[in-house]
Every structure is written in structure tokens, then in C-alpha cells.
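Novice: Sequence:
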Amino acid sequence: MTVDYAFRISGRLTPALTAVLEPLKSVETSADTLLVGPVTDRAALHGYIAHLEALGLELVELRRLPAGDDGGGHGCPCCGCTGAGVSPAARTAARSHS
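Numbering-wise (our numbering), the sequence shown opens with residue -2 and increments by one.
Since the hints were made in silico from the structure, they are not lab data.
Glycine residues also receive a C-beta, built at the ideal position from the N, C-alpha and C atoms.
Taking CB as the label site, the calculated pair distances span:
(1) A64 x T11: 30 to 38 Å
(2) A64 x A13: 31 to 39 Å
(3) A41 x T15: 13 to 21 Å
(4) G8 x R60: 16 to 24 Å
(5) M(-2) x A28: 26 to 34 Å
Quick list of in silico lysine to aspartate or glutamate cross-link-like pairs, EDC-like style, CA-CA up to 20 Å:
(6) K22 x E58
(7) K22 x E55
(8) K22 x E50
(9) K22 x D38
Please model the entire structure based on the sequences and the hints provided.
Specialist: Encoded structure:
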């Protein structure tokens, strides 16, 4: 089962780092960068975390995003605005707030 996660990274990412972190989509916030994307299982989650550490990036927050199929008004992981569900729209939110 694939679940969307949000990884908050301290600072800004270069375009090269953003490309290396595919399929995670990045959104710059006021002081950091939010990476949002699908995680298939626990091993994949730990793999993302290890990859971030190997790149020298500081992970400051990790959140499992709620399933959004119910339209329950979950907030955007970037700005907190409500609307359609977050998952799979988390990637859409990442694109719309960039």
C-alpha cells in the first residue's frame, strides 16, 4: 500500500538535488523545503531518510499524510489550507504551491 509522506528539510534545495530526490516533489516554504511523495513500505521510508542524510540534508520533520479519498478537508502539508483530500493530491499541492 502506498502512502504519501511529507519530509521537511532545513533550507533550500538546488535544482540538482531536487532532481536526485525524484519522485518526491519539492515546495519551498519561508525557511525550508517540503518534499512530498509516495512511500510504498517501511523499507522505502528508511531508504528516503538514509538518502537525505547521505546528501547532507537536515530532516526537521516527517509526517505521514492522511488518505484524501474521503474529501474530509485535510489541510495542505505546505500551507494548511483545506480543500480536497491530501492523498494523492499531496503531489498536486506540492506543484500548486511552488
